[in-house]
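> The lines below spell out each chain.
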Amino acid sequence: MDEAQLRSLTPSVLGILVRRGADFAAAEDAVQDALVEAVRSWPADPPRDPKGWLVTRAWRRFLDAARADAARRRREELVDEEPMPGPTPPVDDTLQLYFLCAHPSLTPSSAVALTLRAVGGLTTRQIAQAYLVPEATMAQRISRAKRTVSGVRFDQPGDVATVLRVLYLIFNEGYSGDVDLAAEAIRLTRQLAAAIDHPEVAGLLALMLLHHARRATRLTPDGSLVPLAEQDRSRWDTESIAEGVEILQAALARDRLGEFQAQAAIAALHADAPTTEETDWVQIVEWYDELARLTDSPVVRLNRAVAVGEADGPRAGLAALATLDPALPRHAAVAAYLHERDGDLVTAARLYAEAGRKAANLAERAHLTRQAARLNAHRAEH
Amino acid sequence: MAKYLLLKHYRGGPAPVNDVPMDQWTPEEISAHVQYMSDFAGRLETTGEFVDGQALAPEGTFVRSDGEGRPPITDGPFAETKDLIAGWYIIDVSSYERALELAGELSAAPGAGGKPIHEWLELRPLLTVPPTITE
Chain A
1 MDEAQLRSLT PSVLGILVRR GADFAAAEDA VQDALVEAVR SWPADPPRDP
51 KGWLVTRAWR RFLDAARADA ARRRREELVD EEPMPGPTPP VDDTLQLYFL
101 CAHPSLTPSS AVALTLRAVG GLTTRQIAQA YLVPEATMAQ RISRAKRTVS
151 GVRFDQPGDV ATVLRVLYLI FNEGYSGDVD LAAEAIRLTR QLAAAIDHPE
201 VAGLLALMLL HHARRATRLT PDGSLVPLAE QDRSRWDTES IAEGVEILQA
251 ALARDRLGEF QAQAAIAALH ADAPTTEETD WVQIVEWYDE LARLTDSPVV
301 RLNRAVAVGE ADGPRAGLAA LATLDPALPR HAAVAAYLHE RDGDLVTAAR
351 LYAEAGRKAA NLAERAHLTR QAARLNAHRA EH
Chain B
1 MAKYLLLKHY RGGPAPVNDV PMDQWTPEEI SAHVQYMSDF AGRLETTGEF
51 VDGQALAPEG TFVRSDGEGR PPITDGPFAE TKDLIAGWYI IDVSSYERAL
101 ELAGELSAAP GAGGKPIHEW LELRPLLTVP PTITE
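From first to last, the protein sequence lines are chains A and B.
Using my numbering, you'd call the opening residue of the first sequence number 1 and step up by one each time.
Using my numbering, you'd call the opening residue of the second sequence number 1 and step up by one each time.
These are calculated hints, taken from the structure and not from any lab test.
For every residue, glycine included, the Cβ atom is placed at its ideal position computed from N, Cα and C.
Among these hints, one or two may not hold up.
Mimicking DSBU-like on lysine-lysine, the simulated pairs with C-alpha atoms at most 35 Å apart in a straight line are [stated by the list, open to error]:
{"id": "1", "chain 1": "A", "residue 1": "Lys358", "chain 2": "B", "residue 2": "Lys115"}
{"id": "2", "chain 1": "B", "residue 1": "Lys3", "chain 2": "B", "residue 2": "Lys115"}
{"id": "3", "chain 1": "A", "residue 1": "Lys358", "chain 2": "B", "residue 2": "Lys3"}
Which stretches of chain A does chain B cover? Using the computed rule of at least three CB atoms under 8 Å from a CB of chain B, they are [claimed, not checked]:
{"id": "4", "region": "228 to 235"}
{"id": "5", "region": "342 to 356"}
For the chain B half of the interface with chain A, some residues (derived, Cβ under 10 Å), not all of them [claimed, not checked]:
{"id": "6", "residue": "Ser31"}
{"id": "7", "residue": "Val34"}
{"id": "8", "residue": "Ala57"}
Just chain A, same shape as in the assembly (with noise of 0.2 Å):
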């Protein structure tokens, strides 16, 4: 049985469960339980029509649960009363679950555990695991989301640029466990670009695929960071980065820019080069431009000095580097690199070991130690 396929199932019966007036956390619950059971039951007895099972089945434990609860009693009535609906047209409906679990009254982690609990049809063990938090914690945070979103009525609609984030901050957590989150991110952008026409959901998408298209070659086996410039390119997924392309010039071509596309059009030019040398700095720097303009952000500005550097030589990355923020994070690592290629390598070495302290991952500590390294023990050699 394809574990995916049940999942991309989830949110639309989901969708159809509160449509038909189950409270969202009781619904959610129901859901669950029925893909467990089919999890189990399928591979023996595949159904004719799968999601047509999984109403059926999340529907009669809904009920369960409502008749169980004394509590509930005038619910079950209220939905024992409507009439036992047909197929669903489900595309409504999984848009709206996209706004209820990024709901602004909830915490961004929360948001997250939500949306790829109730949207993603994964398991809350899933979850904890790509997390690396404990199952139980996982699962409060889970109920807890619930609990806040339970009284927000379903048809109201919600803010896309907040969906947007959650997708993105799932998309950034990457790869740990037997969950691979980028491209879980991936496929849940995907089903939202398809539920709603809106350029920078477009943008959002082509972003994902662009920077997943070069993933691989990021890091070594050994978990070792390479730089762009020292990339295998042609181990880049061309097939990813047409489709981002062609996603994100359709989304341009609206005229309607937004943050996302603009950073998908620098992942974009970034993925087009077949060198360092040869990439399109210039409009690089253009686009970081837009972007700072969108954004106003001193992270935006860092990496547009990164692109000066390159497009106008080192003294002009420096100059652009001088009006910002020393306490940024990789400030130091940027100008380490800029001095070098000023050929101010004594400065460019301190830089970097100072960066490397800083560094907020293990891997982008190994490798600024290694920078500082390499040029000290160049510096000893002569």
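Dock chain B against the given chain A, drawing on the hints supplied.
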């Protein structure tokens, strides 16, 4: 079986025998060191003795309650001896002797010149719940 915490320190303990800052090593020496650490963790997993291992950033902040809504943040109350933990392993081993052996192995990770750094590690047993049967 007993669980032990193996603590690596940035400072606070006696200086290692082969005491050279990492950015003065060669890139190859750094790679060898990183490889040694990752092999060590991998071996512990295969022997079933690995519980957890994490690395910590060098910067730490001392915080203490100073009344409602005002946690004072200081650079540390122990100016001369501020100890900073670099990371830990938690191992689950059959004996204290085995824990000592593993700590020794970890301390011998290669450093400058490819020679073992012989850094000082702290080995501490985890306190456990009382056993069910007490007679």
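> If a hint holds in the structure, say so; if it doesn't, say that too.
The hints, checked one at a time:
1. Lys358(A) x Lys115(B): Distance of about 26 Å is within 35 Å: holds.
2. Lys3(B) x Lys115(B): Measuring from Cα to Cα gives roughly 30 Å; hence the hint holds.
3. Lys358(A) x Lys3(B): holds, 31 Å
4. 228 to 235: violated (count 0)
5. 342 to 356: Since three or more residues must qualify, the claim that chain B covers the region 342 to 356 of chain A holds, with 4 doing so at under 8 Å.
6. Ser31: With a minimum Cβ separation of about 7 Å from chain A (threshold 10 Å), the hint on Ser31(B) holds.
7. Val34: holds, 5 Å
8. Ala57: holds, 7 Å
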